[in-house]
Each structure stands twice: as structure tokens, then as C-alpha cells.
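Student: Chain residues, written in single-letter form:
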Amino acid sequence: MSTGEEGIADRIGAFGHEAVRNGWTTERFALLGLLGLVLVAFGPTFQVYLFTEFMIIALFALAFNLLYGYTGLLSFGHAMFFAGGSYGMAMVLRDLTPHVADVVGSGIAPLVTFGLGAVAGVLLVLLIAIPVGWLSVRLEEIYFALITLAFGMLVFSVIIQNPGGLTNGTDGIIVTLGITEIAGIEFRLGDRQTYYFLTAAVVLPSVYAIWRVVTSPFGTVCKAIRESPDRAAALGVDVTYHRWMTFVVSAAFVGVAGVLMAGLANVASPYHAHWTTSAIPVVATVIGGATFFAGPIVGAFVFLYVRWGISRFPALEAHWELFFGLMLIGVVLYFKQGAAGGLLMLRGWLLDVRGAYDRGGTDAAVAYARESASARLGRTGGPSETEGGERE
Amino acid sequence: MDLSVILWFVSIADIVIGLSLGSRLFLIAVGLSLIFGVLGVLNFAHGAFYMIGAYVALAVTNHLIDNFWLAVVAGALAVGVVGVLIEVGTIRPLYERAEGELDQLIVTFGFVLVIHEVVRFVWGSQPYSMDAPASLAFSVSIAGSTFSAYRLFVIGAAFVVMAGLWLFVTKTYFGALVRGTSSDREMASMLGVDVPRLYTAVFFLGSFLAGLGGALSAPLQSTSPALGDQVIIDAFIIVVIGGLGSMFGAFVGAMLVGLMQAIGPQFIAAGHIAIPFVAMVIVLLFRPEGLFGGIGE
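Chains A and B are the protein sequences, given in the same order.
Heads up, the final residue of the first sequence is numbered 391 in numbering that gives the first Met the number 0, and it's a clean run with no missing numbers.
Heads up, the final residue of the second sequence is numbered 296 in numbering that gives the first Met the number 0, and it's a clean run with no missing numbers.
No lab work stands behind these hints, which were simulated from the structure alone.
For glycine and all other residues, C-beta sits at the position ideal for the given N, C-alpha and C.
Here chain B is said to cover these stretches of chain A; the calculated rule only asks that three of the stretch's residues, wherever they fall, bring their Cβ under 8 Å from a Cβ of chain B: (1) 146-152; (2) 318-327.
Computed list of lysine to aspartate or glutamate pairs in EDC-like fashion (alpha-carbon distance at most 20 Å, straight line): (3) A:335 - B:100; (4) A:335 - B:102; (5) A:222 - B:102; (6) A:335 - A:140; (7) A:222 - B:100; (8) A:222 - A:140; (9) A:335 - A:226; (10) A:335 - B:95; (11) A:222 - A:237.
Only part of the chain A face toward chain B is listed, based on derived beta-carbon distances under 8 Å: (12) 134; (13) 137; (14) 138; (15) 140; (16) 142; (17) 156; (18) 285; (19) 331.
Start from the sequences, fold in the hints, and give me the full structure.
Tutor: This is how it looks when you write it as C-alpha cells:
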């Protein structure tokens, strides 16, 4: 695993070097990305919706991967935190909207309530995650997957039971975001475009925060635990405590994603707590590549856009899960690096082609592309044949 | 608490219902536990296997031959074959991989999605029901409650399967190979056991039992694509309570969970869901290896 990361780091370094030499500074890349984000907002309404959902699922998967890819704990119950965020938000909007309007005036009340709901959602998630995490991190590997699955389904059955009329049972809680008025300008928070910008304004800093966590000493300890819990313990790391803290941080960010989902879907649904929702970040992360920071983001993109692509074919639409099942099996068996690993390989290859072009013009570049492509195809054909041979 | 106090809360009918729920859960949990005990693979698709067993039995009685017992055998065999194909094709390459356990879990989860969609594609989303065999289509009265004879038959079948498996594992040569390989794979391999073939055989047996459970349960429940999801969670709970890898643990766990599901709702709302979960969490925290450990016990 570590050698693979070094190779990739070198490639990123080479790419960055090229980019800087040609004037493509980090700032320009970031600006280009932001411009792209703004442009998406002016696309067709459905595309805006889809991209908003992508950002939420990306945050969900990224937070999940703090625990899976970085600490080595596979949780099959993160839906409980997703639902915790949704329900915290939905309950505040349902019960506190009139009171907030009394205090701050009806103009900005919806926005203030949304903010309160977000805080309530994350607090609710922390309230669940701190004890659940404390209990769960005592176990490892398959046992950890099972106990998180169990806690997740426990939360699901509590929501279904509608305790004290709080969760409204199987119907869930309808979320209405209302109309905000600031300085005489009215805008609907639930408007797809407005909500898109709101989501981006929450998701981007959250992604940055997770990046800071991963690159901090805290994240380094996580990776040390993933590679070898015993060695980490020998170096003086309190492994259980550290896993607990990672669990809580991961859950909190999943809660943020859940808060945003309640506003997007206009409902806090018990489905958000079902274990099939816990499977979404697993699928996205594995397909995207758990060993890369951006893997879950790429995976969430693949997840939502492949699903959308499939939905264009009515005959296949109802069976989109089939494709994700097959992708999951294929990726785990043959391509553990996932889609993010594939993209980095493609990037390295394009740079090589570029190098050939610099040396010998178009002909050299085409020749190099053809040679390396045939070599790659030959190589991937080769091992699978020998593998089949060994199996016999 | 003495017995009469318990019986004040719980009727004989609840206990029979609980045992019959436990019996069908046992048939799926024991295969799951057997496969985990020997191969170290937690098969997420085991609930989907159970569901295939029910659907194949339905298809055989509806389209091929109207014989319940042949349909049950066909369902169990079909699932056994599916299990072998999956084990040889996709799980075997992962045994040697470091941290392969989570990869195996994810691969078998992939098959949950695949099987779910294939079943929906072939049979649609509507629930099916199946008639109990004519020879058992009568009622039996116990302590003032009436039960279908078939329900009692399934409870008996679970006890027979448990006894058969116990004899098979402890008394036969193949059983000795299974026990030996489960406790030390490398040593068994050095002593000349063909480990990959044994693994495939055990996977076949575990899958066969899941298919048998599904086919036998078809007259007691409605068969729909959601069936696999429901039972796999129950089966996970059972094997954790009983001990992953222990057949006897799967039996005790299944009967306990069946009883909790039948009796639980009388104590708290949704007790049939909550009580088994709470029991599982308690077992995981205080005795992660389960109430019983080891394959031969």
C-alpha cells in the first residue's frame, strides 16, 4: 500500500511540475473548478438537482472513508448518522419554525431555522455516535461491521416506531424550507439553484476540513492504525480511543450530509436509516478507490451518474442495482485501486504521451500511444489467462 | 422467575410460533456459521441464497412437477450449485489476500445486489405464496391452540438437520477433515487435505442448507425479493449470539431469536426487532466469540 502511494505521489508531483511550468497554478485550477461549479448551477433543473445530490453523497462517502480507508474499520451502519442529520433538521423545522419567526422576524426566519436545524442534526448525531462509537470500536474487522449494522438497524426500528410522535413513523417528516427575505430580496431556499449553492457552501468547506483531518497528525495516526494496530499501540497510540474519536468525527460529517439530504429530498425518511443507505458509501468508496482521498468523491460521481445513465434506458432502469453489484465484485477482484486509481494512471499516461509529443511531434506521440496501449492490453490479457490456468 | 410466572406472560402458541420462526432461521444461520467457521468468509449473500431456494421451489411446483418434496430438493440443489459457482469464481481468489475478510464481505454484498435484481427480473416484485404439501395439510391442537401440521413438521426438520449435521461433523471422515481444516488450514493442507476442494464442498453444503431453509419455509411466508434482506439480518444476529462458526450456537441462537421475535412484542413495541438487536449488542460487547465457540461444539 505504501509503495503504491509513493508512486502516485511521484506522478502527482510530476503533473504538478508540468502544470506550474505551463502557468497552471493551484489557484488557477481551483478557480477553474469553482467556475465549473457555478456553471453547473445554470444547467437544466434536473442536472442541478443531480449535482447537488452528488455533492451530498460525496461528503457522505468521504466521511465514511475516514473510518474505512484511513482507519481500516468497515462500518455497515453509517445510515444511522445520515438519518440522524436528516431527522434533527426535519424536527427543528417542523417544531421550531414559528418560535424562531417570533424571535428574529419572519424575513430571515427560514434561513435561521435551517441553520439551527443543521446544528441540531449534527448534535443529534454526536449524541448517537459518542456512545455507539465507544461500544463499537472495541471490535474489529467483521465484528465491527456487524455491530454497526446492528446499531444502524436499531436506529431504523426506533424511527419506524415513532417514539412520542417525534419521527412520524414510516412516512417520515416532510421538510419545507420556506421563503427567506433579506433586505427586500425574496428567495426560496428550496429552489434547486439556491439549494445547490447552499449545498456547495457547506460541502466544500467540509471536504476541506476532512482533508485537513487526514493530513494532520491525527490522520497520520489513523493510517498507522490501519497498517498495524499493534505497532501503533507499541508507539504509544491509544488505539481504541483514537478509533473512537475517528468514529465520532466521521459520524459528524455524515450528519452534515444527512442535514443537506433532508433539505434536498424535502423529507426525512426512515429509508435514510435503512441498511441499504449504509451500503451507498460502501459502494461509492469501493468503486472510487478507498486508498485515495478523492476516491469516495469519484465513486459518488460514478454512482450517481451511472445510475442516471441507466435510468435513460427504461428496460434497465428498474435494475440499476445489478450494475453496481457487478461493478463492486469486479473492482474488488481485479482493480482494488478503484476509479480514482484508474484516473491517476490515465493522467500519468497522458503525461507520457505529452512527453513523446515534446520530443518527436505528433507522429511520436501517436506511436507511443499505440505502443503503450497495446502493451497494456497485452499485459491485462496475460495475467487473467495465467490466473485461470493456476485455478485449474 | 418460576415457570408459572413466565407462562402467565407467554402462551404455548407463542412458543410454538417462536420455535417455527427459529427453525427456518436455523437452516439459514447454520450454513452461514459453517461457512464462516471453516472458510473464514462471512457470506452476505446467504439471505439471497435462502430466497433463491424459495423461488426455485415455487417455480418447480408451478411449472414442472406438482410434487412438494421434489421441489424442495430442487431448490436446495440449485442454491448449492449457485454457491459453488460464486465460491470458485469470486471468493477463492481472495483467500490469499491480506485483509481479505472485508473484501469477501464486499464481494458477497455485491452478489446480494445482483441476485436481488435477477430475482426481480425473473419473477417480478409481487409476493408469491405456496401451498403446504397435501399430506401435511391438516391442523394439530396443542394446549387449546391449533397449528398447521406443516409448521410442526418444519420444527421437526430443524431438529433432524441439527442432529444430522452433528453426526456428520463428529462421526464421519469428511467431518474430521472439516474440523481439522477449520482449526488449522495450513497443517491440514500439509497433511494432504485438498483444502480448496474441501472449501468448495463446505460452501456447497452451507448454500444447500440455505436453499433447503428457503424452500421449506415457502409455505409459511410470502416469497418476495425483500425476503433475502430480512433474513440475512436475522441470521447475522443469530450467528453472533450463538458464536460465528458454531453449529450448535446457530441452533440455540436461532431458537432464542425466534422466541424473542414471537414473544418480544408483548413486552415492548417492536420488541420483535429491538430485543434480538439488544441481545446481539450485549453478546458482542461481553462475549464477542458468542455463547458457543468452535465448529464441533
